[in-house]
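Peer 1: What follows is each chain in one-letter form.
Number of protein chains: 2
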Amino acid sequence: MQRYFIPEQDWNEDNVIVKGQDAHHLTRVMRKNIGDHIICNHTKGKAAICEIDKIEKEVVQLHVVEWLEENVELPISVTIAQGLPKGDKLELVLQKGTELGASAFIPFQSKRSVVNWDKRKSEKKIQRFKKIVKEASEQCHRNQIPDVFHPMSMKQLIEESKSADVKIYAYEEEARLEKFQSFSTIVKKLKKGQNMLVVIGPEGGFAREEAELFNKNGFIPVRLGPRILRTETAALYALASVSYQFEELGCL
Amino acid sequence: MQRYFIPEQDWNEDNVIVKGQDAHHLTRVMRKNIGDHIICNHTKGKAAICEIDKIEKEVVQLHVVEWLEENVELPISVTIAQGLPKGDKLELVLQKGTELGASAFIPFQSKRSVVNWDKRKSEKKIQRFKKIVKEASEQCHRNQIPDVFHPMSMKQLIEESKSADVKIYAYEEEARLEKFQSFSTIVKKLKKGQNMLVVIGPEGGFAREEAELFNKNGFIPVRLGPRILRTETAALYALASVSYQFEELGCL
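If you read the sequences in order, they're chains A and B.
Numbering of the first sequence is given in this note's numbering, commencing with residue 77 and proceeding in unit increments.
Numbering of the second sequence is given in this note's numbering, commencing with residue 77 and proceeding in unit increments.
If you are wondering where the hints come from, they were derived from the structure by calculation, not from laboratory data.
Take every hint as true, because none was put in to throw you off.
One copy or any two copies: either way a pair holds, since identical chains are not told apart in the list.
Heads up, simulated SDA-like pairs for lysine to any residue below, C-alpha to C-alpha not over 20 Å straight-line:
no., residue 1, residue 2
1, 207, 304
2, 165, 226
3, 162, 215
4, 162, 211
5, 210, 306
6, 120, 78
7, 207, 306
8, 165, 197
9, 238, 228
10, 206, 306
11, 122, 304
12, 200, 163
13, 210, 304
14, 130, 83
Excised from the complex, chain A in its bound form (with noise of 0.2 Å):
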């Protein structure tokens, strides 16, 4: 069944609107009409099945059928602090990292990024990121959408650090050494409603005071599995481990 986010303000007990893009796309696109049923999603994560009442111009009214008592969110919080790659490698780890269970995404600009973060076109581009997470939570039908936050400096990353319960990054020379901190030690101690934050370089990697930087500020270096990955697929392989440790072998 079609799913959509719907704004809080949009809720009204159980009637619900839809405007604009959504409803665009619930009309036209997917030619829903009258009794028709939807999935309408609350911003805070429940979601309903709805029957669609009325279609206006810009506007369809809804009515929740039934409440649904589904979650399919990761219950370890995981935020994604992503070196910024170059092209469109980070809208890749946004979609990807969405329907991999992702609560939250931090581009940052890294001593290594080849690719300058162009602040006039910035408010453009985070629509265009906030627009690809929402359409991938939809699309896997997750509870929740993921938080894009603006560009981070390395200051600033340190700094939105320090509210995560464990924080760690990947550095390729970890992957190197003989004794190296295994990330499922880590993924393991994780417990329920904990939030992690996994740190990726650029393409090039972390430079030696920037791997300092993070050590001295409490995070663990990791490798992520023995295999040199990209960039792009460094927080695809955190995220899926994350998701086999807690939704498939279910150790919590």
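Starting from the known structure of chain A, fit chain B onto it as the hints suggest.
Peer 2: Relative to the frame of chain A, chain B by itself:
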């Protein structure tokens, strides 16, 4: 250190020659010179640090300085059979799947595949796919290059599946059932050296009769986590999970 896969015939005990595109890449792109070191991978999985002895127009001669005792191959051989997807999604699966350790890829024509394989362009496409997995193997320091098969029909895929120790298919309906076959239950039972065939449908998933055909032939339907993954994300989830189980948790 830069890494190249050298075909068997270009090895002569401890002497190696690099030819063609790789020679061009080595001397022109990487600007390596006599006395410089690179890593040469034998197609059979061995690798050695080699020193450049001589550079001619299209041939570079090297000798082995040190054989490496490294192995970053997944202990389980995972073959990804991917229902032909739209656009360049197959290329994404090939590249990222190689990084995540897949040992082979089988594209196949499924009922709901929107794309039809253009047989006239087949050879050229397969060459392109092989180039993608070779480059990805070099980049992520694999010991082996995954195989890429010519696209198969469902019938051929079923025939091919007979050599697999374990065969599973991702079935969206499974993800919606309360009682489902847990992917981790299957993964945990795998033994080192076994091979698993993971079959992923195209965008629309599998038709019921395809699911029945799989069931009849000993395939196990699985869900890959609780969220509905896009076709190109499903293979990556499966591979990352196998890696996490055997290379991070380390249960063998």
